[in-house]
Amino acid sequence: MVEWTDFERDTIQDIFSRIEYDVVGPAALARCLVVYPWTQRYFGGFGNLYNAAAIKGNPMVSKHGTTILHGLDRAVKNMDDIKNTYAELSVLHSEKLHVDPDNFKLLADCLTIVVAAQLGNEFSGEVQAAFQKFLAVVVSSLGRQYH
Amino acid sequence: MTTLTAKDKQTVKAFWAKVSGKSEDIGAAAVARMLVVYPQTKTYFSHWQDQSPNSPAARKHGKTVMMGVGDAVTKIDDLKEGLKELSELHAFILRVDPANFKILSHNILVVMAVMFPTDFTPDVHVSLDKFLAAVSLALAEKYR
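Heads up: the protein sequence lines correspond to chains E and L, in order. FYI, in full-length UniProt numbering the residues of the first sequence are 1 to 147. FYI, in full-length UniProt numbering the residues of the second sequence are 1 to 144.
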């Protein structure tokens, strides 16, 4: 069971209530596809991913980025049982999507960078620690059902 | 590890030219974040009386680190040779586990996002990430 301090709980709720999902989601996924281009392997059907501008303007990338971020909502609402909350999604990513779980960390890092850019100085070291801890739990839960 | 393309080098140099004026602040912020978010890194600074993230010692260390990064930008065409002495320092005297280079690099990137949100585009991010990885590799060169 993950232990969360009050500060960590409040911080996560606060961040997710403030960020614009349809800005942060698309930006994080687009950044991931640019910074770690091998992640493009999972998006063969998305059309033009030829360069950063194409990726940024790609409507399928934007839509999927928003979807992913909303996927985090469940963890935000169930911080005390993220493991079970994501059991099904973990199976999906393993059995159907065949995503190498190392990629989850890459997207998490890009999400951290995008949220940092959005929140500026409010994204203090303590806030960053709480956010990264939350994402680490999500990443671990998504990788749990792989075999 | 990949080599830096001409585009990477150009991107890094251009971005560095924009941000180097704030290099002390960047360094201080990156080191402060590192000490808070990755508390295990504090083990390298047990000799500081004040290990808090905004202590004068931490700020000074941030400045030192960024001076090294700035130096590396000027030696971007041959990091292995250019950072040879720094590598010896880290290998034989400081003996910092190279895993920590990745940690500090990550925090430098976060600080860039915080301080330069419009300039730190995905293209700049990828080139800077590659550059910091190359610097880390050059720093680890003399370890064994």
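Simulated from the structure, these hints should not be mistaken for laboratory data. Predicted, not measured: the structure shown is a model, and the values here were computed from it. Just so you know, even glycine gets a beta-carbon here, dropped at the ideal spot from N, CA and C. Do not rely on the hints blindly, as some may be mistaken.
Derived SDA-like pairs: lysine to any residue, alpha-carbon spacing no greater than 20 Å straight-line [unchecked claim]:
id, chain 1, residue 1, chain 2, residue 2
1, E, K96, E, G71
2, L, K18, E, V23
3, E, K105, E, V76
4, L, K102, E, A54
5, L, K13, L, S136
6, E, K133, L, R144
7, L, K102, E, K96
8, L, K7, E, G71
If you want the footprint, here are the derived chain E segments under chain L, 3+ residues with CB under 8 Å [as the list claims (entries may be wrong)]:
id, segment
9, 4-18
10, 27-34
11, 85-91
Evaluation of the provided hints:
For the suggested pair E:K96 and E:G71, the alpha carbons sit about 17 Å apart, so the restraint of at most 20 Å is met. The straight-line distance between the Cα atoms of L:K18 and E:V23 is roughly 26 Å, outside the 20 Å bound, and the hint therefore fails. For a cut-off of 20 Å, the pair hint linking E:K105 to E:V76 stands: about 18 Å separates their Cα positions. Straight-line distance between C-alpha atoms of L:K102 and E:A54 comes to about 29 Å, which puts the hinted pair past the 20 Å bound.
For the suggested pair L:K13 and L:S136, the alpha carbons sit about 17 Å apart, so the restraint of at most 20 Å is met. Only pairs whose Cα atoms come within 20 Å are accepted, and E:K133 paired with L:R144 is rejected, the gap being roughly 33 Å. At most 20 Å may separate the alpha-carbon atoms for a hinted pair to count; L:K102 and E:K96 exceed this at roughly 32 Å. Straight-line distance between C-alpha atoms of L:K7 and E:G71 comes to about 36 Å, which puts the hinted pair past the 20 Å bound.
A stretch counts as covered by a chain when three or more of its residues have a beta carbon under 8 Å from one of that chain; for the segment 4-18 of chain E and chain L the count is 0, and the coverage is violated. As drawn, the segment 27-34 of chain E meets chain L at 3 residues by the rule of a beta-carbon pair under 8 Å; at three or more, the given contact holds. Beta-carbon proximity to chain L at under 8 Å applies to 0 residues in the segment 85-91 of chain E; the threshold of 3 is not reached and the given coverage is violated.
Checked against the numbered hints above, the structure breaks hints 2, 4, 6, 7, 8, 9, 11 and satisfies the rest.
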